[in-house]
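Protein chains: 2
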Amino acid sequence: MEAKHILIGHGSGGRLSRDLIRNLFVKYFSNPFLDGLGDASLVSIRGSKLAFTTDSYVIDPIFFPGGNIGQLAVSGTVNDLSVAGAIPEYLTAGFIIEEGLSINDLERIVQSMAEEANRAGVSIVAGDTKVVKKGQCDKLFINTSGIGHIPEERRHIQSGERIETGDKILLTGTLGDHAIAILSARENLEPDEAILSDAAPLNLVTELALQTPADIAAMHDITRGGLATILCETCENRSFGIKLYEDKIPVKQSVKSICELYGFDPLYLANEGKIMMIVKKGTEDHLCSRLREEPLSKDAVIIGEVTGDYPGRVVMQSFIGGMRNIDMLSGEMLPRIC
Amino acid sequence: MEAKHILIGHGSGGRLSRDLIRNLFVKYFSNPFLDGLGDASLVSIRGSKLAFTTDSYVIDPIFFPGGNIGQLAVSGTVNDLSVAGAIPEYLTAGFIIEEGLSINDLERIVQSMAEEANRAGVSIVAGDTKVVKKGQCDKLFINTSGIGHIPEERRHIQSGERIETGDKILLTGTLGDHAIAILSARENLEPDEAILSDAAPLNLVTELALQTPADIAAMHDITRGGLATILCETCENRSFGIKLYEDKIPVKQSVKSICELYGFDPLYLANEGKIMMIVKKGTEDHLCSRLREEPLSKDAVIIGEVTGDYPGRVVMQSFIGGMRNIDMLSGEMLPRIC
Chain A
87 MEAKHILIGH GSGGRLSRDL IRNLFVKYFS NPFLDGLGDA SLVSIRGSKL
137 AFTTDSYVID PIFFPGGNIG QLAVSGTVND LSVAGAIPEY LTAGFIIEEG
187 LSINDLERIV QSMAEEANRA GVSIVAGDTK VVKKGQCDKL FINTSGIGHI
237 PEERRHIQSG ERIETGDKIL LTGTLGDHAI AILSARENLE PDEAILSDAA
287 PLNLVTELAL QTPADIAAMH DITRGGLATI LCETCENRSF GIKLYEDKIP
337 VKQSVKSICE LYGFDPLYLA NEGKIMMIVK KGTEDHLCSR LREEPLSKDA
387 VIIGEVTGDY PGRVVMQSFI GGMRNIDMLS GEMLPRIC
Chain B
87 MEAKHILIGH GSGGRLSRDL IRNLFVKYFS NPFLDGLGDA SLVSIRGSKL
137 AFTTDSYVID PIFFPGGNIG QLAVSGTVND LSVAGAIPEY LTAGFIIEEG
187 LSINDLERIV QSMAEEANRA GVSIVAGDTK VVKKGQCDKL FINTSGIGHI
237 PEERRHIQSG ERIETGDKIL LTGTLGDHAI AILSARENLE PDEAILSDAA
287 PLNLVTELAL QTPADIAAMH DITRGGLATI LCETCENRSF GIKLYEDKIP
337 VKQSVKSICE LYGFDPLYLA NEGKIMMIVK KGTEDHLCSR LREEPLSKDA
387 VIIGEVTGDY PGRVVMQSFI GGMRNIDMLS GEMLPRIC
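If you read the sequences in order, they're chains A and B.
When you number the first sequence by this note's numbering, it's gap-free, plus one each residue, and the end is 424.
When you number the second sequence by this note's numbering, it's gap-free, plus one each residue, and the end is 424.
Keep in mind the hints are simulated off the structure, nothing from the lab.
Ideal Cβ placement from N, Cα and C applies to all residues, glycine included.
No more than 35 Å apart at the CA atoms, straight line, and that leaves these computed lysine-lysine pairs for DSBU-like:
#1 A:225 <-> B:113
#2 B:90 <-> A:219
#3 A:220 <-> B:338
#4 B:220 <-> A:90
#5 B:220 <-> A:220
#6 A:367 <-> A:334
#7 B:135 <-> A:113
#8 A:113 <-> A:90
#9 B:113 <-> A:220
#10 A:384 <-> A:334
#11 B:113 <-> A:135
#12 A:329 <-> A:367
#13 A:225 <-> B:219
#14 A:90 <-> B:219
#15 B:113 <-> A:219
#16 B:135 <-> A:135
#17 B:342 <-> A:219
#18 B:338 <-> A:219
#19 B:225 <-> A:90
#20 A:220 <-> B:342
#21 A:338 <-> B:220
#22 B:225 <-> A:220
#23 A:225 <-> B:225
#24 B:219 <-> A:113
#25 B:220 <-> A:219
#26 B:219 <-> A:338
#27 A:342 <-> B:220
#28 B:90 <-> A:225
#29 A:113 <-> B:220
Chain B residues, not near chain A, derived (Cβ > 10 Å throughout):
#30 151
#31 276
#32 303
#33 351
#34 375
#35 380
#36 394
#37 404
#38 413
Required output: the full structure, derived from the provided sequences and hints.
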C-alpha cells in the first residue's frame with residue numbers, strides 16, 4: 087500500500103477499502119472462507135452450513151430521519167446474511183459507549199434494536215458493553231455479528247458463480263435515500279419532501295425473491311461504495327461486463343436535487359434498504375412484479391444486464407445515448423454513513 | 087437505574103455493568119439464549135448446538151507488555167467460547183480505526199491476530215473496517231465475535247446447574263498479571279521483575295481439562311470484575327456459597343507490590359489468561375496435576391470450595407484465620423483494561 091497512515095477513504099467501501107482488505111486482512115487471515123470476500127462468510131460446523139458476518143456501526147448522528155444507529159445495526163447485519171441467501175437467526179451486539187451518553191438515548195436505541203430484531207425474526211443472544219472516557223469515542227458505536235442457516239440450493243448466490251451473459255440487473259428501489267437523509271440531518275437541510283433513511287431488515291425481500299419461481303444468480307445490499315462499486319466488484323476478473331441504463335435507475339427528485347447541490351452521484355451513495363439482484367433472463371419481469379407487492383421493494387425495476395461486450399467492466403448508457411465507464415468509488419464523499 | 091448518564095463504571099464488569107445489562111439489554115432483548123447471561127450464548131441451528139459470543143476491545147495502550155489489542159481480541163473471544171465448553175472454530179473481526187493510525191502498527195496488530203488464531207486453531211472468516219476522523223475514537227477498537235460447536239456432554243458447564251456443596255474451586259494461575267501489566271505501561275512503572283500480560287487462547291487449557299477424567303461443573307475466564315465478581319455471580323440466588331482460602335490464592339510478588347502501592351485488590355483485577363473451574367470433590371488433585379503439565383496453567387491450584395454454610399455469598403478465610411465477605415466490584419479501578 088502506498089499510504090503510511092490510515093485515511094478516511096480506507097473506510098469508504100471503495101478502492102482504498104478494497105486495497106486495505108486485500109493487502110492486510112486477506113494477506114494475514116487468509117483462509118478459504120474469507121477469501122470469498124462476500125457480504126457474509128459461508129462456514130460449516132459439524133455438517134451444518136452457516137453464514138457468519140460482522141459489521142461495526144459508527145454513524146453520525148446516532149438519531150437520524152427514519153431511524154437510529156441501533157435500528158441500522160440490526161438491519162445491516164440481517165441484510166448481509168440475507169443477500170448471502172441465508173436465513174438470519176441469531177445476532178450479537180457489542181456496544182462501545184462514550185461516558186456521559188444519556189441513558190434515555192441508549193434505552194431508545196436498545197428498544198429500536200429489539201423492535202427491528204423482532205420484525206426480522208432474529209434473536210439478539212449475546213452482548214458486550216465497553217465504556218470509554220469522554221472524547222475517546224463519539225457517543226456510541228455498535229457492532230452486530232450474525233449467523234444464519236444457508237440452504238443447499240442457495241449456496242451459489244454468495245459466490246455469483248452462476249452469473250452469465252444475458253442475465254438482468256434488478257434494483258429493489260430508489261438510490262441514495264439513506265445517505266442523503268444523513269447528510270440532511272448533518273447539514274440541517276430542509277428539503278421540500280422529507281428524505282428518510284431506507285434502513286430496514288431485507289430478509290422479507292430476499293425470502294420473497296428466493297421463493298418466487300425466478301432464477302437468482304446473485305444479490306448484494308447496496309451499502310458503502312454504492313451501486314457502482316458493488317457492480318464493479320461483481321464483474322472484476324470475470325468474462326462478462328455489466329451495462330446499465332441511466333434512464334431506468336430510480337432516484338427520488340428530492341435526493342437528486344441535493345446530489346446536484348453537493349456534487350454527489352447517487353450511483354456511489356450508501357443505501358441501507360435496497361438490494362441489487364442478478365436474475366436469469368426471462369424470469370425478471372415476474373420477479374419484478376412480485377417484489378412490487380412488498381412495501382420494502384415496491385419500486386423494483388430492471389436497470390441493466392450482464393453483457394459479453396465489456397468484460398470486467400461496468401458501463402452506463404446515458405439519457406442521450408452515449409456510453410460511459412463506471413468505476414468503483416475512490417476517496418470518500420460522506421464518512422460515517424453507517 | 088438511578089444514573090441518568092453512562093458512567094465509566096457501567097463498563098467495569100462489576101455491579102453497575104450488571105445493572106445496565108439487566109435493566110436495559112435483558113429487558114428489551116429478552117430471550118432464553120440471552121437470559122442465561124453466560125460468557126457465550128448457546129444456540130441451536132438446524133439441530134446443531136453452537137456457542138456464539140462477542141466482545142469489543144478498547145484497551146489502552148494498544149501495545150502493552152506481553153501483547154497487543156489484536157492478540158487480546160482473538161484470545162478473549164476464543165476464551166469466552168472455551169469456558170462455555172465449546173470448541174472455538176470461526177471468528178469475525180470488526181475494526182474501528184482513528185484516521186491517522188500508522189499502517190505499520192495496524193499490520194503488526196493484524197499479524198498478531200493471525201498468529202493467535204493459528205495458535206488457537208480458529209479461522210477469522212469475516213471482517214469489517216470503519217474509519218472515523220481524528221479525535222472521534224482512540225486509535226483502534228476491535229470487535230471479535232466467535233462461534234464453536236458445543237458437544238452434548240458439556241452443555242451443563244455454561245449454566246453451572248451441576249454445582250453443589252463440596253465441589254472444589256480451581257484457579258489455573260496467578261491473579262492480576264494482565265491488569266498490572268497495563269497499569270505499568272500507562273504509568274511507566276518499572277517493576278524489578280517485568281510483569282507481562284497473561285493474555286492467551288485458553289482452549290488448550292479447557293480441552294486438556296475436559297479430556298481429563300475429572301468432573302467439571304463450571305468454568306469462567308477471569309476478566310473484568312476479577313475473580314471476586316465472577317464467584318459472586320456464580321452463587322447469586324443459589325443455595326450454596328463459596329469459601330476461599332486467602333493463603334492459597336496465587337499472586338506474583340511484583341503484582342502484589344504494585345497493588346499495595348495503588349490500593350488495588352488482585353481479587354478484582356482482570357486477567358486474560360486465567361480460568362476458574364469448579365470441579366467435583368475427589369477429582370480435583372488429578373485435574374490440578376494434569377493442568378500443571380501445560381505451560382498456560384502451570385500454577386494451577388485449589389483455592390476454595392463450594393459450601394452450604396453461606397448460601398448466595400462468597401467468603402474468604404484470611405491469613406490469620408478470620409472470615410470476610412467478598413462482594414462484587416463496585417465502580418471501576420482501571421478502565422479500558424480490555
